[in-house]
Each structure stands twice: as structure tokens, then as C-alpha cells.
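K.L.:
First to last, the protein sequences are chains Y and F.
Counting the first sequence from 1 gives a position; this note's numbering is that position plus 1.
Counting the second sequence from 1 gives a position; this note's numbering is that position plus 1.
Calculated from the structure, these hints are not laboratory results.
Check the hints yourself; a few may be wrong.
Stated by the list, open to error - Here are a few chain F residues that face chain Y, going by a calculated C-beta distance under 7 angstroms: (1) ALA72; (2) GLN237; (3) GLN256; (4) ILE257; (5) GLU298.
Said to hold, decoys possible - The calculated lysine-lysine pairs, modelled on DSS-like cross-linking and capped at a C-alpha distance of 25 angstroms, are: (6) LYS75(F) / LYS266(F); (7) LYS78(Y) / LYS161(F); (8) LYS75(F) / LYS142(F); (9) LYS252(Y) / LYS106(F); (10) LYS266(F) / LYS252(Y); (11) LYS75(F) / LYS252(Y); (12) LYS161(F) / LYS211(F); (13) LYS161(F) / LYS75(F); (14) LYS142(F) / LYS266(F); (15) LYS266(F) / LYS106(F); (16) LYS78(Y) / LYS142(F); (17) LYS211(F) / LYS266(F).
To be verified - Computed footprint of chain Y on chain F; a stretch qualifies when at least three of its residues, placed anywhere within it, have a C-beta under 8 angstroms from a C-beta of chain Y: (18) 56 to 64; (19) 94 to 100; (20) 122 to 133; (21) 168 to 179.
Using N, Cα and C, we set each Cβ at its ideal position, and we do this for glycine too.
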Amino acid sequence: MMRCLLLLLALLALPAQAEEVVMGLSQDSVSITTDFNGSEILIFGAVKREAPIRTDPPLQVIVTVAGPAAPVTVWRKARRLGIWVNADAVGIDAAPSFYTVATSAPWDEVISEVEDLRHKVSVPRAIRSVGAPMEIVDSQSFTDALIRIREREGLYQLRVNSVELRESTLFDTAISMPANIVEGRYTTRVFLTRGGRVVSQHASVIEVHKVGLERWLFNLSRNQSLIYGLLSLVIAVAAGWGASAAFRALKSG
Amino acid sequence: MQIYLPIAEVSVNVFLLFGLGGLVGILSGMFGVGGGFLITPLLFFMGIPPAVAVATGANQIVASSVSGVLAHLKRRTVDLRMGTVLLIGGLFGAALGVWVFNMLKEIGQVDLLVRLCYVLFLGIIGALMFVESVNALRRSKRGGPPKRRHHGWVHGLPFKMRFRTSGLYISAIPPLLVGVSVGVLAAIMGVGGGFIMVPAMIYLLGMPTKVVVGTSLFQIIFVTAFTTMLHAVTNQTVDILLALVLLIGGVIGAQIGTAVGMRLKAEQLRILLASLVLIVCAKLAFDLFLTPQDLYELGGQ
């Protein structure tokens, strides 16, 4: 009886799993070295299916990469006594430090509003904001400002038509990470959609971390801040003394 | 060539940073100031987070002051006793300043305070110095003898101390107060405070000009070192890599600056410095009054 039920369930689930996405990354880790100047990651994959390809509605692909999320405070300036000061603040509970969305077609054609809400695909949906203080009525404009500022810094990107899809089977796209990214786990998701509905998805992780000198200095500053502070002073004093000694040698020599 | 700064977490052009360090080095060699009042705002413009710029600026000033004070020690133009009194005040001031800085960071007004401090102090000092040096230049052209200054009320205070190198017998209270205020500014603005200390020592304490620069540098070393440590321990915002690139540029620039400074007259130098201070002040003041391009900004993580 139990086995029959399971079989039935599997059969019911089958149409949803008729097309399955398989994904690969050109690199699953990014190293921030001293000369780090951004990185480009190739994300590619294929659609696994047992039935012939359906063409209507057409298959579409969405790729997202999200950096580690952190709370952010957005300030709005206002003129007080003639000068501009930070007046209102809205705390956003979790905003990804980096977020990029690549699609294979214009936004309206790849995903519906409901599915976007469910899977949190678009940039505004990826930002989690519980609520603003009572006295602020237009809290949406603060979220918009966050997106606008991060877009200007190249941290948030919406790139429609940048996923290449061949024969409804093979796809690839390149994600560029700017130089001002932070370290952490970057979640990479691929969605297959038909008629705005998600039919399959897959997630993977890109590890971004500082290496070598960067790693060492960063860890030292966090774990042994006293030693780090002393080290920075030693360097400063040595440089100052060295300069004075070198100058004296130059003068007398 | 880009370099990724581990604490600031941004990537910047090495040559730009190097040039910035060099430029400030030239100025500090010419005028005997730390140059912090220039380097910190310029780092803001380059996209370094303000907290990192302030803390790293303090670290950079340690280096240039050490370099300068060694030269002055050789010439015996450092009043160690006066320096120590100023220093005691300075350490209290620095601790107070870091505390104020952290409190304001929490309520999101640190940027405003730093800017207001800059506008206020650069404006006052720049204007005073400009007027004074123009007058001095006129006097020297006429060939008249310089006026003797009186420092009335300063001499009426208790706790008198003898400062032999400066040839002064005055109360310890004014130097202590000068030290405290410079310490607060060092912590909040990321500057050594030389541009405030030097005029205060000449006009307020009546110290001879030849010992002023060395003594000011002597106490700045300790105050900025203390500030660096406080920022490193409480905020973890000192970027060694950033400081290092600025240092190398600064050290080379300082030598060029000293050579240029030798060829100019003292009054001309002071007028140039005053004009520079006023230009920076005007730029910062305009930014406060003009409508910003984006009314919104992102605060602490």
C-alpha cells in the first residue's frame, strides 16, 4: 500500500521534473589577492530531459549570483539650518552585498510576478526589509535608493538577454564581479522557466575569500587587533626613521 | 595597477595613492604640517570608507612626524618638557575623541561632524594665518621692527612651570588645554593637529617659532600613535597596506618639499599654506550647503 502511494506520488511529481537543469561553473572559488581587480565567472549548463523538446511556451533560463547578506542602514539627508544632514534612517534587515541577475529573454517573458515573489529572483525581491519606523511613510524610496547606489557601484546588476540558450538545451552566461566585493559564500542559482513558471532550479556556491597577505592582515586585524595596531605603528616609525636616515646619508654623501 | 586594500575592502590605483602620498609629503616638507587635513578628505574622494580614512590617516602621520622630529632633535629644537605636558592633555583628548567618534557613528552623524570640524577649524586657522602673514610681509617690506606680543591672561594662571628650551615660565593649564583639544581633533578628524597646534603655541603660549614645529611634531607622534591603537582595537579600521603606499609617497615627497621650502621666504610660505587651507575649507563648506547629488547614503553594515 505504502509503496503504491509512493509510486503514485512519484508519477504525480514527474511532469514537474520532466526537464531538469544541470549546471557548471568555470571556477567555484574566487581568490582576492593584493592585485585583485574583479573577476569574471562563466556559468554554463544543460537541460536534461527524457521527452522531446516542447517549444510552446519557450524554455527560458535565469541565473542569479548573490553575495553574503548583511543589514544596512539607509540614510536620507535633509536641509537643517541651511546645511545638509542625515535626517531619516531606515534599517534594511538583510541586503546581499552583491547581486546579479542574468536572463535569456526580456524580464516579463521569463518569470511571472508570483514566481518572482516565491523564489526571490529579482533585485528588489532579494532584499529583505521587515518594516520602517512609524514616522517614515515612503520606506520604499529607501529600498530604491539602496538598489540605485549599489547599481552605480556595479554591485547590483540586472542583465536581460545575457544568457545564451541554444536549442533549448545548452546555456551559458558570464558574470562579472567588480573589485569592491566582500568575501563570503556567493550563492549561484539557475532557474528554468516556461511561460513564467519555474520548472526546475539548481543552486551552487562560489567561495570568495582573501588569500595570502590580504588574508593574513585581515585575520590579524580582527583576531589580534592589539598586535595589528602595534605592527602598523612599527611600520610607521621604521618608515619615518628610515626616511630621515636615508636623507641624512644623501646629504652627507 | 590596482591594489586591493584588505580592511577598506576596495580596490584602488596604486599610482594614484602614491601620488597622493607624494603631494601631501611635499606640503608637509614645505610647511611643517602633517598634511592629515588634506589626506583624509582626499581619501574620501577616492572611495575609501570615512572610518578607514580617518584611522589610516592617523597612522600615516606617525611616520611623517617621526621623520620630522628626528631632524629637529639633532638641531635641539624640541622642548621635551613642553611636549610632555601637551602630550598628557593630548592622550586624554584622543580617548575622548575616539569615544565621541564611536557614539556619533552609531547615530549616523559622524560624517557631518568631521566635515563641520574641518570647515570650522580650517576656516579660522586659514583666515588668521593669512591676515597675520600678509601683515608680516608688509612690515618686512617697510623694514620696521616686528611688534612685541603681550600674553596677559595666560600669565595669571596657577601651576607655573619652567620650560627652559622655550625660555618660558608659564602655567601648565594652557598647554594642557591645547593638548586636549588637539587630541580630540586627532581622533575625530584623523589629523595630527599641527595646523592648530603650531598657531596655538606661537600666539597663545608665546613659544619661540624655532622650537614650535619640533615640539608640535614630538607630541603629535604620541597622540596619533595612541589614536591609531584605539582605532585599531575598537573599530579595526586601520589599513596597513593603504598606510604603507601613502608612506612611501609621503617620505619621497617630504624631501622634495623641504628643498622647495628652503628657497621661499617664511612669510611667503605661510601665505601659501593659508591659501591652501582656505581652499580646502571652501570646498568642504560648499559641499555642506549645496544640494547633494543623491539625498540617500548607506550607513554601517
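K.L.:
Next step is simple, just say for each hint if it's right about the structure.
P.N.:
For each hint, the structure was consulted:
no. : hint                  : result
1   : ALA72                 : holds, 6 angstroms
2   : GLN237                : holds, 5 angstroms
3   : GLN256                : holds, 6 angstroms
4   : ILE257                : violated, 11 angstroms
5   : GLU298                : holds, 5 angstroms
6   : LYS75(F) / LYS266(F)  : holds, 23 angstroms
7   : LYS78(Y) / LYS161(F)  : violated, 49 angstroms
8   : LYS75(F) / LYS142(F)  : violated, 33 angstroms
9   : LYS252(Y) / LYS106(F) : violated, 46 angstroms
10  : LYS266(F) / LYS252(Y) : holds, 22 angstroms
11  : LYS75(F) / LYS252(Y)  : holds, 14 angstroms
12  : LYS161(F) / LYS211(F) : holds, 22 angstroms
13  : LYS161(F) / LYS75(F)  : violated, 28 angstroms
14  : LYS142(F) / LYS266(F) : holds, 12 angstroms
15  : LYS266(F) / LYS106(F) : violated, 43 angstroms
16  : LYS78(Y) / LYS142(F)  : violated, 50 angstroms
17  : LYS211(F) / LYS266(F) : holds, 15 angstroms
18  : 56 to 64              : holds (count 4)
19  : 94 to 100             : violated (count 0)
20  : 122 to 133            : violated (count 0)
21  : 168 to 179            : violated (count 0)
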